[in-house]
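K.L.:
So you can see what is in the structure, the chains are spelled out below.
There are 2 protein chains.
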Amino acid sequence: MRKGQQTRRDIIRKAAPIFNQKGFEGAALSDLMEATGLEKGGIYRHFKSKEQLAAEAFDYAWETAVDCRLEGTAEIANTVDRLQQVVRNFRERRNGLVAGGCPLLNTAIDTDDGNPRLRARARCALDAWLLLLRDILEEGKARGEVRPEADVWQISTLIVSGLEGSLMLSRLQKDSDALDVVVQHLESYLETQVRARKPASEEQRA
Amino acid sequence: MRKGQQTRRDIIRKAAPIFNQKGFEGAALSDLMEATGLEKGGIYRHFKSKEQLAAEAFDYAWETAVDCRLEGTAEIANTVDRLQQVVRNFRERRNGLVAGGCPLLNTAIDTDDGNPRLRARARCALDAWLLLLRDILEEGKARGEVRPEADVWQISTLIVSGLEGSLMLSRLQKDSDALDVVVQHLESYLETQVRARKPASEEQRA
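Chains as they are written, first to last, in this note's numbering: chain H, 1077 to 1282; chain F, 1077 to 1282.
Only chain H is shown next, with the shape it has when bound in the complex (with noise of 0.2 angstroms):
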């Protein structure tokens, strides 16, 4: 039993590359066996269909892209300050990925007119990574840090949608240009628009 937990973790670990850089239906049986090393029976022992193994893999694949979004974060007391290191870590820690760029925006263009269940997976992690900076927004403002005023919806849509599309943009590039503009863009949009005013007596002080 614990071996084969082990193996199912290992079989989703290594066929994660590949459904993120193919695709549902890009990616084949004789690419998932050689990755993994196995024969068909020996895969779907583990997975009802391919289309289980897709979900298991695109779910493994956002996991650790999040954790790489949110690394070094949390020890960040301030939460606009926390908001900007969120969104430097979009561009600078992209090696810890699963190959193949940000599965959230691969599975989206790939199953937008497909694969509804794989669809499903890449809508809950949008509303998951919507909800996370908009938490973190909501929290500055509870604590001051965040002006009363600002729009924490648009807020997060502004920023997941900059980085999602500035990417695409690099890797077709094959340059890191497009992700620079932007996240430069956004943490001066968090600085100037997001981050509440000192109080002018405190202003001077500084």
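It should be emphasised that the hints constitute simulated quantities derived from the structure, not laboratory data.
Predicted model only: the values in this text are computed from it and were never measured.
Heads up, a few of these hints could be off.
Note that identical chains are pooled: a pair holds if it fits in a single copy or bridges any two copies.
As the list claims (entries may be wrong) - Derived DSSO-like pairs (lysine-lysine); straight-line CA-CA distance at most 27 angstroms:
hint, residue 1, residue 2
1, Lys1098, Lys1124
2, Lys1126, Lys1250
3, Lys1079, Lys1090
4, Lys1098, Lys1250
5, Lys1090, Lys1126
6, Lys1098, Lys1116
7, Lys1116, Lys1250
8, Lys1098, Lys1126
9, Lys1079, Lys1274
10, Lys1274, Lys1250
11, Lys1079, Lys1124
12, Lys1217, Lys1274
13, Lys1079, Lys1250
14, Lys1274, Lys1116
Chain F: place on chain H using the hints.
P.N.:
Okay, now just chain F, sitting in the frame of chain H:
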């Protein structure tokens, strides 16, 4: 000969939504036969390979997208107003697109770890799209409508990243909320950070 060219164009037009929705690997011969009403031989009499058909289908879908995004903009004299209309068109004129969303976003993600010929087409499309925006900005600078210090490369990158990223969100969420947020942000960014400031004397007269 003339009839052959007409058939060729028909095949491209009918294959374009298949490739745009299903991707290169996902587009099966059976899908292409059903869409065109032709047998395999009838399709491949006109194209050397699936790759060639996909490349021409991409070009067709992309031209359609660019036409939608530029609709009604040529007659707008002020360059910043024109850019704002291009941004609004991205959200509002999506009905004219080949089914399946933005062909650039789809093809970039579909091919960034795959098909190099199709990837090269997507790369050309992106470069042309960025250049088109940059040309409007440069024209704006020459006419004193855009701030002289504006970085046209950065601005065009911000626009394309934001629009393409928010389209991913909107398609996954099946509503236009994310597009609305980003279009509004970009319009306001163009207004407050890109449009040349009026001289103080004019500001007072206004």
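K.L.:
Which hints, by number, does the structure contradict?
P.N.:
7, 9, 10, 13 and 14
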